[in-house]
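These are the residues of each chain, in order.
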Amino acid sequence: MLSGFPLLSTVIWLPIAGGIAALVTARSGDDRLVRWVALVVSTLTFLVSIPLFTAFDTTTHHMQFVERAAWIPTFNIHYHLGVDGISMPLILLTTFTTVLVVIAAWEVIQYKVAQYMAAFLIMEGLMNGVFAALDGILFYVFWEAMLIPMFLIIGIWGGPRRVYAAFKFFLYTFLGSVLLLVALIYLFFQAESFAILDFHSVKIGLAAQILIFIAFLVAFAVKIPMWPVHTWLPDAHVEAPTGGSVILAAIMLKMGAYGFVRFMLPITPDASAELNGLIISLSLIAVVYIALVALVQEDMKKLIAYSSISHMGFVTLGFFTVFAIVANTGDTHGAAMGVEGALVQMISHGLISGAMFLCVGVMYDRMHSRRISDYGGVVNSMPVFASFMVLFALANTGLPGTSGFVGEFLVIMSAFKANFWYAFFAALTLILGAAYTLWMIKRVVFGKPGNEKVAQLSDLNPRETVVLGSLAFLVLLVGVWPDPLLDVMHATVDHLLQQATTSKL
Amino acid sequence: MKGVYLTVVLAPLIGSIIAGLFGRKIGKTGAHGVTIAGVALSFLMSLVAFKHIVIDGAPTFNESVYTWLISDGIRLEIGFLIDRLTALMMVVVTFVSLMVHIYTIGYMKDDPGYQRFFSYISLFTFSMLMLVMANNFLQLFFGWEAVGLVSYLLIGFWYQRESAIYANLKAFLVNRVGDFGFLLGIAAILMYFNSLDYADVFAAAPLLSDVTIQVFPGVEWSLLTVICILLFIGAMGKSAQMPLHVWLPDSMEGPTPISALIHAATMVTAGIFMVARMSPLYELSETALSVVLVIGALTAFLMGLLGIVQNDIKRMVAYSTLSQLGYMTVALGVSAYSAAIFHLMTHAFFKALMFLAAGSVIIAMHHDQDIRNMGGLKKYMPITYWTFLIGALALIGFPGTAGFFSKDAIIEAVHASDLPGSGFAYLAVLLGVFVTALYTFRAFFLVFHGKERMDEHTRTHLRESPLVVTVPLILLAIPSVLVGMVAIGPLLFGEFFADSIYVAAAHDVLARIGEDFTGALGFLFHGMLGMPVLLALAGVATAWYIYLQRPELAGLIKARFELLYRILDRKYGFDDFNEAFFAAGSRGLGRLFWRTGDETVIDGVAVNGTAKGIGWIAARIRQAQTGLLYHYAFAMIIGLLILISFYVLL
Chain A
21 MLSGFPLLST VIWLPIAGGI AALVTARSGD DRLVRWVALV VSTLTFLVSI PLFTAFDTTT
81 HHMQFVERAA WIPTFNIHYH LGVDGISMPL ILLTTFTTVL VVIAAWEVIQ YKVAQYMAAF
141 LIMEGLMNGV FAALDGILFY VFWEAMLIPM FLIIGIWGGP RRVYAAFKFF LYTFLGSVLL
201 LVALIYLFFQ AESFAILDFH SVKIGLAAQI LIFIAFLVAF AVKIPMWPVH TWLPDAHVEA
261 PTGGSVILAA IMLKMGAYGF VRFMLPITPD ASAELNGLII SLSLIAVVYI ALVALVQEDM
321 KKLIAYSSIS HMGFVTLGFF TVFAIVANTG DTHGAAMGVE GALVQMISHG LISGAMFLCV
381 GVMYDRMHSR RISDYGGVVN SMPVFASFMV LFALANTGLP GTSGFVGEFL VIMSAFKANF
441 WYAFFAALTL ILGAAYTLWM IKRVVFGKPG NEKVAQLSDL NPRETVVLGS LAFLVLLVGV
501 WPDPLLDVMH ATVDHLLQQA TTSKL
Chain B
91 MKGVYLTVVL APLIGSIIAG LFGRKIGKTG AHGVTIAGVA LSFLMSLVAF KHIVIDGAPT
151 FNESVYTWLI SDGIRLEIGF LIDRLTALMM VVVTFVSLMV HIYTIGYMKD DPGYQRFFSY
211 ISLFTFSMLM LVMANNFLQL FFGWEAVGLV SYLLIGFWYQ RESAIYANLK AFLVNRVGDF
271 GFLLGIAAIL MYFNSLDYAD VFAAAPLLSD VTIQVFPGVE WSLLTVICIL LFIGAMGKSA
331 QMPLHVWLPD SMEGPTPISA LIHAATMVTA GIFMVARMSP LYELSETALS VVLVIGALTA
391 FLMGLLGIVQ NDIKRMVAYS TLSQLGYMTV ALGVSAYSAA IFHLMTHAFF KALMFLAAGS
451 VIIAMHHDQD IRNMGGLKKY MPITYWTFLI GALALIGFPG TAGFFSKDAI IEAVHASDLP
511 GSGFAYLAVL LGVFVTALYT FRAFFLVFHG KERMDEHTRT HLRESPLVVT VPLILLAIPS
571 VLVGMVAIGP LLFGEFFADS IYVAAAHDVL ARIGEDFTGA LGFLFHGMLG MPVLLALAGV
631 ATAWYIYLQR PELAGLIKAR FELLYRILDR KYGFDDFNEA FFAAGSRGLG RLFWRTGDET
691 VIDGVAVNGT AKGIGWIAAR IRQAQTGLLY HYAFAMIIGL LILISFYVLL
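Chains as they are written, first to last, in this note's numbering: chain A, 21 to 525; chain B, 91 to 740.
Quick caveat, the hints were computed from the structure, so don't treat them as lab data.
It is possible that some hints are incorrect.
Said to hold, decoys possible - Simulated restraints on C-beta separations:
id, chain 1, residue 1, chain 2, residue 2, range
1, A, Phe95, B, Ile728, 43 to 49 Å
2, B, Gly717, A, Pro93, 46 to 52 Å
3, A, Val404, B, Leu134, 30 to 36 Å
4, A, His82, B, Phe306, 42 to 48 Å
5, B, Glu252, A, Phe25, 57 to 63 Å
What the hints assert, rightly or not - Quick list of in silico lysine to aspartate or glutamate cross-link-like pairs, DMTMM-like style, CA-CA up to 25 Å:
id, chain 1, residue 1, chain 2, residue 2
6, A, Lys468, B, Glu252
7, A, Lys462, B, Glu652
8, B, Lys115, A, Asp479
9, A, Lys468, B, Asp201
What the hints assert, rightly or not - Short derived list, chain B residues pointing at chain A, Cβ under 10 Å:
id, residue
10, Val144
11, Ser161
12, Asp162
13, Leu263
14, Ala701
Glycine is no exception: its CB is placed at the ideal position from the N, C-alpha and C atoms.
Construct the entire structure; sequences and hints are all you get.
Below, the structure is given as structure tokens:
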């Protein structure tokens, strides 16, 4: 029934069309209408994306729901879409998060509502495009186009230093992207095609591989972000409106990590094996150094931003332990655990960091402050909210039973196989993550009401409860029963590991 | 039987969810009704399980419930292992939990967080049961962290108190230090055994006893020693062994029922249970056993000493818990696992009893916990008095009480052991007996005897606590007296634990003692003349003399041994060190990385520096664009000259 229906094109173009429709209705000045348009479109997109999961064939690593049409035949460029066990969950995460972002903005955003909603809808389509694109140029177009709505979101609806943050965000990520384009063009000349799957099978010498690897690394490391190219993220988060932060943390950071597994591991396996020590070191620095930085933040959003970087360190660590495991034990046994852990961590971090930013947003809407010291004892006036916030905070510390545990657990298990000390430093997050998260909770949520304003806060309204409640449900579901999520990944990950360990020299 | 076991864990969980989510709708009665019904059902089903496994002699139940995930071909499952050890733990946990639930009705009567409290303690019961019923390391870790979570929530239950929310953060973080080791231990197991299932791991362990790993380059360590010590670090956190004990005294900020249930009877014994469960691993590493032994001995003696200088009644009991946990750990160290579990069980009863009795005193004193303000309470609250006395006698190991049997067995076992460190441990546990009696009866005499030191208002309001409080006290007092006599034969020298605990023949100290064992009465008469009983009586006598006969002596001794007192008062400086080194150190490092690393170097020099640099270069180059024709012509000629000479010279 579904085989003929272009699901992937729909999840890309439906929100973009919806975004344009929102811009058109902006003329009417009817914000109510715009909100409903945005909600209907994002919900529809989410519903359309569900069959991607339910009709997914978990037994194969081949691309599914494939669509292919010639686009620029001269250069062998195609409009080529498809998903596997890595990209499909990310599309669902995107469509789900966008619905929440639309609801979360409902009465909070009063300035240029239509443009705001349009930016998010268009961005949703573009992000889905990034995850679904199987053509290098198509990927690149989505990848770059996605920057524009985010740039506008930070620059228009952002905080006082929004212009500095927007430019920093744009220049940082754009700089990386340029090298990405160079690498793609080089690969085109080798493969005589822009199809990403053709890139996977082309043979490349070690020197060239290392250059391509570095080009990819610069482009993707900025997005993740990895230490030391991470400093744009705290600024962008602090200045972005709540919705912007949620999308940034939940989806955009995943793009870089997605690039690692879609491009670096399969296209440059030998360079990856050569340079895995570098990536692992940077990952562990992210886990430990950034966690310590998070500890001393005074601004809640900055703290969560740093926490994101630290958690993304697990993702890059999980991807690259495979080479260390092969070096240490002689086979890849145990590596799938690391990669799958990293992939689960991407999804889980999307849910948890999104939820944490929404929590800060809920407080910011009432108090207009993100400073930890302006709060204290929020639980007294907002008990329901406090329960949610504590739950998400505990998930952020990787408590078993929440999604935060699954990925970290698998990555640590896998890292131990590579080297005792990798696991040692990675596991420090158990202590440091708990320290910065729960210390913030202590100062913000618990205690006597910090001041008059806190004492009079109103608890969650039904709209906010729905948003946080649905995230809480997913965080617990993935934590208690992660098997269905991992099930879709096995075939793809096994294939990926095979690619990553097969020399292309 | 699977249905029975599922009921055991799910009944408290469902009670907890109902009380937690719908607490406002169902009201106070509804909340305690549903949670108590859940735990009572769980207790009954535990009894059924106990009968099935222990009395009917059914084989061990080992089945999975569902698959948590599969990765790398390794199936990680949630499942139950019910053998005799588990069955015993289930009964102890659900019984104490049920008593605490009932007691809470009285203790928390006027608390605005009434429903929340019941939700938490039922959630705790669920978590603890998941922990003891696990058949694999993953679920063990689940339960392990989940009890830590509930402990965190309950220590900070009165979230307006600054000291409570400090204590719960501290407890969580210190436990996380332990869990850090524990998780690495699990990772090591997964790497070498390719399974997290107890049965697989225990079966394969002997084959791996010769494997060594290099944690530091060039140093070969036995794999099993490394695994056992890493796992034990987890036990040190949860069971509050030095130096990870620092959170337990502060955890007394939580309501008293919690101190009884979590921080005395059950959660803190999780580490003891875990090591006993892992006996097939620990038996293969004498080094690990020695580490366990020495840590336990240090904790047993040094923490007992701190009990002497406490003035808060709950903190006094807390230090005694630390010390008793040390005794259990010592028993583990000398491979007397069943003695450790035996003491765990008797301790669960008498320590829960002491905490709840202390809580009863606290209710009467209008939540004043300072024993210097008490005195002469005996005549106001007779039931509390007698039950507390029974608990205290059991704690010091008075002949005939439950504590006597279990503690004496441990001391005998240490005496019989020849493991490195056992000589030191023997001395420590023996001296510990005197210290235990001294601090316990110091508190006892100061609270219930002597001058009435409370203010007039409090004194006129003193009365015995209501039935919901005193009935659990009486119910707990019964096993505190009897369980030792009944259980010592089968548990220590019989076949009770059968194959759920494994002891290598060379380490089997209990078998050596067992050769002389003729029954509980014989053990009692033999022990009555022994050194430990004499030391305990000496401790009581000392407390009686100092605190009742010559109250001025206490002050004199304090002045005479000023330095010793200061050391004890500062709790050997562990808290000060942790605060100054770890807490302040991490914050300092964080600030350095942030201000210097991120802001100055990366942002300041690299990012904004690049931007400024480009701006600067552009500004310089702009100077060249003068717009004057002869400038450009001059530059061209110079350029040409350079180019030409370049070619000519080459």
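Hints, verified against the model:
no., hint, result
1, Phe95/A <-> Ile728/B: 43 to 49 Å, "holds (44 Å)"
2, Gly717/B <-> Pro93/A: 46 to 52 Å, "holds (49 Å)"
3, Val404/A <-> Leu134/B: 30 to 36 Å, "holds (35 Å)"
4, His82/A <-> Phe306/B: 42 to 48 Å, "holds (46 Å)"
5, Glu252/B <-> Phe25/A: 57 to 63 Å, "holds (60 Å)"
6, Lys468/A <-> Glu252/B, "holds (8 Å)"
7, Lys462/A <-> Glu652/B, "violated (37 Å)"
8, Lys115/B <-> Asp479/A, "holds (18 Å)"
9, Lys468/A <-> Asp201/B, "holds (16 Å)"
10, Val144, "violated (30 Å)"
11, Ser161, "holds (5 Å)"
12, Asp162, "holds (4 Å)"
13, Leu263, "holds (6 Å)"
14, Ala701, "holds (8 Å)"
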